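Protein chains in written order, with this note's numbering: chain A, 84 to 342; chain B, 9 to 492.
Do not rely on the hints blindly, as some may be mistaken.
Unchecked claim - The calculated BS3-like cross-link candidates involving lysine-lysine, where the alpha carbons are at most 27 Å apart (straight line), are:
| id | chain 1 | residue 1 | chain 2 | residue 2 |
| --- | --- | --- | --- | --- |
| 1 | A | LYS225 | B | LYS363 |
| 2 | A | LYS103 | A | LYS114 |
| 3 | B | LYS363 | A | LYS197 |
| 4 | B | LYS436 | A | LYS240 |
| 5 | B | LYS55 | B | LYS178 |
| 6 | B | LYS363 | B | LYS388 |
| 7 | A | LYS240 | A | LYS103 |
| 8 | B | LYS465 | A | LYS240 |
If you're looking for bench data, these hints aren't it; they were derived computationally from the structure.
This one's a predicted model, so the numbers in the text were calculated from it and none came from an experiment.
For reference, the chains in residue letters:
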Amino acid sequence: MAKKTPLLEVTDLHVKVEGKNILRGIDLTVKAGEVHAVMGPNGSGKSTLAHVLAGREGYEVTKGGVRFQGNDLLAMAPEERAREGLFLAFQYPVEIPGVSGMNFLKSALNEVRKHRRLPELDAMDFLTLAREKMRLLEIDEKLIQRAVNVGFSGGEKKRNEVFQMAMLEPRLAVLDETDSGLDIDALKIVANGVNSMRSPDRAIILITHYQRLLDYVVPDKVHVLAHGRIAKSGGRKLALELEKKGYGAFGQSDASVAA
Amino acid sequence: MAVSSDTVKTIESATGGDYKYGFVTDIDMDFAPRGLNEDIVRFISAKKDEPDWLLEWRLKSYRRWLTMTEPRWARVRYATIDYQDSYYYAAPKPKELLNSLDEVDPELLRTYEKLGIPLGEQKVLAGVAVDAVFDSVSVATTYKEKLAEEGIIFCSFSEAVQTQPELVRKYLGSVVPYSDNFYATLNSAVFSDGSFVYIPKGVRCPMELSTYFRINAENTGQFERTLIIADAGSYVSYLEGCTAPMRDENQLHAAVVELVALDDAQIKYSTVQNWYPGDKDGKGGIFNFVTKRGACRGVNSKISWTQIETGSAITWKYPSCILQGDNSVGEFYSVAVTNNHQQADTGTKMIHIGKNTRSTIITKGISAGKGQNTYRGQVKILPGATGARNYTQCDALLIGDECGGHTIPYIEVRNPTAHVEHEATTSKISDDQLFYCMQRGLSAEDAISMIVNGFCKQVLMELPMEFAVEAQKLLDISLEGSVG
Ligand SMILES: Nc1ncnc2c1ncn2[C@@H]1O[C@H](COP(=O)(O)OP(=O)(O)OP(=O)(O)O)[C@@H](O)[C@H]1O
Ligand SMILES: [Mg+2]
Chain A
84 MAKKTPLLEV TDLHVKVEGK NILRGIDLTV KAGEVHAVMG PNGSGKSTLA HVLAGREGYE
144 VTKGGVRFQG NDLLAMAPEE RAREGLFLAF QYPVEIPGVS GMNFLKSALN EVRKHRRLPE
204 LDAMDFLTLA REKMRLLEID EKLIQRAVNV GFSGGEKKRN EVFQMAMLEP RLAVLDETDS
264 GLDIDALKIV ANGVNSMRSP DRAIILITHY QRLLDYVVPD KVHVLAHGRI AKSGGRKLAL
324 ELEKKGYGAF GQSDASVAA
Chain B
9 MAVSSDTVKT IESATGGDYK YGFVTDIDMD FAPRGLNEDI VRFISAKKDE PDWLLEWRLK
69 SYRRWLTMTE PRWARVRYAT IDYQDSYYYA APKPKELLNS LDEVDPELLR TYEKLGIPLG
129 EQKVLAGVAV DAVFDSVSVA TTYKEKLAEE GIIFCSFSEA VQTQPELVRK YLGSVVPYSD
189 NFYATLNSAV FSDGSFVYIP KGVRCPMELS TYFRINAENT GQFERTLIIA DAGSYVSYLE
249 GCTAPMRDEN QLHAAVVELV ALDDAQIKYS TVQNWYPGDK DGKGGIFNFV TKRGACRGVN
309 SKISWTQIET GSAITWKYPS CILQGDNSVG EFYSVAVTNN HQQADTGTKM IHIGKNTRST
369 IITKGISAGK GQNTYRGQVK ILPGATGARN YTQCDALLIG DECGGHTIPY IEVRNPTAHV
429 EHEATTSKIS DDQLFYCMQR GLSAEDAISM IVNGFCKQVL MELPMEFAVE AQKLLDISLE
489 GSVG
């Protein structure tokens with residue numbers, strides 16, 4: 084991969100959901116090694132952006148495009164995007180009854196490894212790796228042996244998402260409000276996990292409502308998403324400013340979203 | 009059904025969602041004339057050189073059948089069957105009398121090899137004795153001598169009629185009477201072949217016994233008859249599998265299986281049913297109208313049914329247990345899959361007669377495409393069944409919006425000390441679940457397979473080890489193309 088190609092390049096992205104314009108011209112460039120924070124009021128389109136990047140159905144791209152590692156991201160199937168190294172930590176992780184977390188993650192990891200032309204991990208090697216990451220995120224092995232997310236507390240679900248990210252070692256991780264619902268100690272653990280993932284050839288997009296997370300995971304850039312557009316971009320200070328002043332300056336209201 | 013790792017490979021290497029066993033074997037066949045009348049019944053009986061009592065039993069059944077009408081209470085739909093338009097006997101022409109497996113027609117050996125069931129003397133499956141039934145007759149049985157050393161009789165039904173007439177006469181029709189129901193009565197008149205098992209007192213059968221049923225000939229019904237007797241204190245695990253060629257017409261399969269467990273005996277009966285299900289538009293496929301019933305006649309006896317039903321256009325079967333002996337136990341574990349236009353109306357009957365009898369029913373119905381899947385089950389506690397217990401759990405899983413899953417329990421309790429529990433759930437594989445899996449790098453098919461296997465785990469665990477993997481693969485294949 085040429086150093087100069089950005090990892091992610093979103094250009095003038097317009098997206099409709101159920102006939103409603105939600106994203107109205109997003110421009111965002113993320114380079115390898117960077118951490119970006121995306122903030123913005125409820126309903127401004129943050130999760131929509133994350134879902135469109137991950138390839139969820141039901142989103143109509145009416146204009147613009149996305150390149151990921153130089154390729155047309157929107158032309159790829161969701162599982163291809165994942166195998167190419169795009170990871171989404173869900174705002175609302177999904178329960179999958181009957182499927183153990185271990186089994187789920189082992190299959191997922193081996194799909195990704197196959198795609199990267201790495202040998203598949205056998206049960207023992209997988210367990211060794213999983214234990215290492217569990218230690219990092221202070222996750223009890225019992226939790227991962229249970230059915231995926233079934234009966235997990237809100238905080239456990241979020242921690243499980245970060246654990247999966249650590250296992251899958253993506254090129255680009257989009258964390259959608261992974262800090263929401265975490266107690267102080269859990270927040271530090273998760274932040275620690277995210278920091279351990281920082282590397283020169285990986286990028287992270289943190290979608291968050293709280294400046295607090297950014298105390299632990301210091302971003303290179305902060306963006307404000309409002310009205311379906313990046314209304315403002317800046318450095319670390321922008322987050323502190325928002326915390327003080329709120330989003331009033333960006334004129335967000337329900338009426339303006341619906342328009 | 010298929011048993012070896014070879015089959016697994018065959019399945020894996022095949023592409024697309026097509027039925028993998030749809031080929032036809034070109035072989036010289038002996039047919040009875042088309043249609044059904046007393047002469048045909050006599051013809052079949054004569055072909056098998058049967059004693060008079062058995063011919064009389066067949067004729068009695070046939071006459072009874074003429075007075076009966078097809079049951080239509082099941083939640084399945086199909087056009088009227090013309091019973092005169094079918095052949096009731098089809099057998100590969102024997103070259104000569106067989107003395108050993110090596111004399112089986114090579115064309116037949118090749119057929120079974122293709123199906124993953126090697127029969128040749130050098131190649132038999134380790135630890136599994138197989139009886140291979142081709143259309144109306146049994147063509148080979150493996151490991152016979154080895155089993156005979158333990159006093160175990162495992163042979164084709166026709167052979168048992170000749171060599172074990174007392175046992176056959178004593179038990180035939182003792183669990184499923186000749187007059188039981190339309191299809192069982194038809195079977196009693198025209199049954200062709202099947203397997204016979206006798207496990208002597210106190211013997212634990214050292215290997216899995218297995219029958220592989222193959223329909224090959226066109227316009228031919230298959231009416232096999234299986235009888236398993238576990239004498240006091242014995243144990244046997246038996247498995248049946250089945251496939252058929254792809255044909256545009258519907259073919260009828262109306263089998264009868266009777267199990268008898270005496271004092272302290274245990275029978276574990278597993279089925280992996282993979283008859284041709286018909287094409288995507290619902291054309292062709294097997295009508296699987298089967299009567300299976302076990303009698304726990306002795307005290308402390310146990311009969312356990314496990315079925316994986318992935319094939320057939322229509323499945324109509326209710327493997328049941330009659331719990332006569334005190335403390336006897338009946339179990340029914342079922343996975344039934346309906347995809348495309350398949351229909352299944354299946355379940356069980358647990359009839360509690362003896363004291364402290366216990367039954368467990370665990371069913372998993374999976375519907376995809378336009379498939380319709382009904383669980384129909386009866387739990388009946390008779391007045392004498394003091395302390396009887398039943399636990400029933402019926403789970404339905406839907407994939408897509410055009411399929412259906414239904415649960416129809418009948419519960420009748422006539423003893424106040426009985427304890428009956430029934431739980432039922434219906435769930436759907438949601439788009440959210442699929443997306444979540446795909447976001448982690450899994451294909452939609454793998455995601456469904458994983459969710460389905462998780463859903464069925466409780467039942468798959470009941471299968472003998474050698475077959476569990478095979479059953480999982482079959483589930484995957486049956487559900488191929490169930491997501492867009
Ligand atoms: N499937 C849908 N049908 C209709 N509207 C939708 C759908 N999905 C999203 N929307 C709308 O799109 C807008 C943006 O939603 P989105 O989830 O992207 O917001 P968000 O910025 O992530 O908000 P939050 O901070 O509350 O998580 C909202 O008004 C939401 O109601
Ligand atoms: Mg959101």
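Checked hints:
A C-alpha spacing of about 41 Å is found between LYS225(A) and LYS363(B), which places the hinted pair above 27 Å, so the restraint is violated. Of the pairs offered as hints, the one joining LYS103(A) and LYS114(A) is violated, with about 31 Å between alpha carbons and a cut-off of 27 Å exceeded. This hinted pair does not check out: LYS363(B) and LYS197(A) have alpha carbons roughly 58 Å apart, beyond 27 Å. The hinted pair formed by LYS436(B) and LYS240(A) meets the criterion: a straight-line CA distance of about 21 Å does not exceed 27 Å.
A C-alpha spacing of about 22 Å is found between LYS55(B) and LYS178(B), which places the hinted pair at or below 27 Å, so the restraint holds. Between LYS363(B) and LYS388(B), the direct Cα distance comes to roughly 13 Å. Compliance with the 27 Å bound is thereby established for this hinted pair. Between LYS240(A) and LYS103(A), the direct Cα distance comes to roughly 30 Å. Violation of the 27 Å bound is thereby established for this hinted pair. Distance restraint check for LYS465(B) and LYS240(A): the Cα-Cα separation of roughly 24 Å lies within the 27 Å cut-off, and the hinted pair is therefore satisfied.
When held up to the earlier numbered hints, the structure conflicts with 1, 2, 3, 7 and fits the remainder.
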